[in-house]
Amino acid sequence: MTAVAVRPETRPPARGGAWVVYRWELVKLTRQVKTQVVVGLCVLAPFLFVAALDVQSNVPQDTLFGRWVHDSGFAIPLVILGFAGQWALPAVTSIVAGDIFSCEDRYGTWKTILTRSRSRSQIFAGKALAAVTFSVVTTALLALSSLAAGVLLVGRQPMIGLSGTLLQPGHCATLVLASWAAVSLPVLGFTGLGLLLSVGSRSSAVGTGGPVVIGLVMQLGSLVNAPETVRMLLLTTPFGTWHGLFTARPFYGPLEQGAVVSVIYFLLCAGGAYALLRRRDITGS
Amino acid sequence: MDRSSLPAIEAHGLVKRFEDAVAVAGVDLRVGPGRVHGMLGPNGAGKTTLLTMLMGLVRPDAGSVRLLGRTRDEHGARMLDGVAGFVESPRFYPYLSGRRNLALLADLDGGSAAGRIDESFELVGLSDHAATRVGGYSVGMRQRLGIAAALLRAPRLLIVDEPASGLDPAGMRDMRALISRLSDDGVTVLLSSHDMDEVEDLCDDITIMRSGRVVFDGSMEHLRAQAPDPAFRLSTNHDERALAVARGEPGIVVTLEGDGLLVHAQRERLDAYVIALGRADIAVRRLNLESSALKALFFRLTEGDPAERAEPATDVPEVVG
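So the protein sequences, as listed, match chains A and B.
Count along the first sequence from 1, add 10, and you get the number used in my numbering.
Count along the second sequence from 1, add 1270, and you get the number used in my numbering.
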């Protein structure tokens, strides 16, 4: 240690608020191997999926649009969307959302960041926004990559819709993107769930695995003979509401219901997480 | 108001309970500007809880904290403007380099903190390791990085918990020199430590805690004035005769303990006693300082009757655990 004097300064107000935390969190995320791997998988997995379909003669007939995977490239992103909605999207979003707060417990860094010039509200907002960004970006990447994989490796052939009418390529592309956009809302609901479990449990394992388990339980719940109101309130139900876009006369009611349910899940979970973080005593190392 | 003349820390009636245990039981603390204030106490005394309350990490159940004239209620996160430090060991993101960690913290701080990164690394002697991932740092290097992270904020109040923990002897010496230099530059330092010698070397004032209460609060001179005689371990060729010689010496208390004698005396009295032993043909084989005067007082304050205090303190709730 050398003899250099540090001059005390009169600090101007910290600017940027939550945006500084948001940028700071994004820098951290881009440096993490798990984030890089997930982003890489979102880009590559659809191409690997199409390659795997190519080497086998049978098709996933029990999945919506599964029978068309060799006939139209637009069926590929829809089949992937059907699979992803089961567990992959909740899993992908939870990898960051379920860890973004609990990682500070794991590294013992809460004391480091909460003794700087940012409030807990700013830290929460910045981190939550970073988790939302990751969820939206990975969903968008998976959508674009699966669309690209389908179009590039299978082709831009027209596809038959759920009412038996032929959908032209341009219309198909629009519907595919709209379908993926529709599931971004339940993805946000699972992001909120991950945030809540991350703050509440202080455990990355619970924060990351919890939403996936809850999602699977909800799917099981939707399979049993539950009342319609209960099924409507499950966060997994909105993952299937895009089906209504592919009928001759599209129906948007389930989409709107799913959007409301997803937003409510997000707000309740994120609000709960915020309340827990605000009240928490940071103890231990 | 001129903030430089305000007390750097003013805490009144701080209480913190964890379930049924009271960790801090009505503590008052006042640290004057530019002072180096030590905080001592055995494990579980409540020092760390008190520091975490001062830094806003733990919410007190009762009482108030004012740092550099600011309170949490009035100023929010800006209460910590001009304040830096760490509680327990400083922690960083292990997958990032030391420099990247400090750059991120400087972003959180805003202002001119980013421009002080190189200077801070230089100050703590870590410039050569700035590009290394923190996961590869030793405990001592992380401790130095913790100080560097605090210096980024160019603090007027530095709160540090065991700053020399994990450092080698040279690192401890450098750390003490750095704290002295910061104090010379007008920085107020609150230093929590288990090391009595460190506190004695560095501090102007001292607070000693026990079971969540303050059992002494005052200047080092005041503490020294109250300190009992130091204790020495003495070994002779004939301890029983040495004990008999002690009975004729004023101002000295000698007891047989283990395989030698324990002597409580001021140094002048001890010198006279050793000369008397020589005159009585008793050879001194070993004479060691067992416990300095301050250590003796510390033990008396922290291990004796809890009601026994060197300084009066505020009435506080009963300590449960």
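The hints are simulated quantities; they were obtained by calculation from the structure and are not laboratory data.
For glycine and all other residues, C-beta sits at the position ideal for the given N, C-alpha and C.
Any given hint might turn out to be false.
[Claimed, not checked] If you anchor each label on the Cβ, the simulated ranges turn out as follows:
1. B:Arg1329 with A:Leu233: 39 to 49 Å
2. A:Arg289 with B:Asp1290: 40 to 50 Å
3. B:Asp1471 with A:Gly50: 28 to 38 Å
4. B:Gly1528 with A:Ala285: 15 to 25 Å
5. A:Val234 with B:Arg1348: 46 to 56 Å
6. A:Gly118 with B:Arg1570: 27 to 37 Å
7. B:Ala1440 with A:Gly118: 39 to 49 Å
8. A:Trp29 with B:Thr1341: 18 to 28 Å
9. A:Leu278 with B:Pro1364: 42 to 52 Å
10. B:Pro1364 with A:Ala285: 55 to 65 Å
11. A:Gly50 with B:Ala1401: 24 to 34 Å
Hint check:
For the pair B:Arg1329 and A:Leu233, the supplied restraint of 39 to 49 Å holds, since their beta-carbon distance comes to about 45 Å. A hinted range of 40 to 50 Å is violated for the C-beta pair A:Arg289 and B:Asp1290, which are about 19 Å apart. As the Cβ distance of B:Asp1471 to A:Gly50 is approximately 54 Å, the hint placing it in 28 to 38 Å is violated. A hinted range of 15 to 25 Å is violated for the C-beta pair B:Gly1528 and A:Ala285, which are about 59 Å apart.
For the pair A:Val234 and B:Arg1348, the supplied restraint of 46 to 56 Å holds, since their beta-carbon distance comes to about 54 Å. Checking the proposed 27 to 37 Å range against A:Gly118 and B:Arg1570 shows it holds: the Cβ atoms sit about 35 Å from each other. Evaluation of the 39 to 49 Å hint for B:Ala1440 and A:Gly118 yields a failure: the beta carbon distance comes to about 27 Å. For A:Trp29 and B:Thr1341, the Cβ-Cβ distance of about 26 Å falls inside the hinted range of 18 to 28 Å, so the restraint holds.
The beta-carbon spacing between A:Leu278 and B:Pro1364, approximately 34 Å, falls outside the hinted interval of 42 to 52 Å. Restraint check, B:Pro1364 to A:Ala285: a C-beta distance of roughly 30 Å breaks the suggested window 55 to 65 Å. Distance hint for A:Gly50 and B:Ala1401: a CB-CB separation of about 26 Å, consistent with the stated range 24 to 34 Å.
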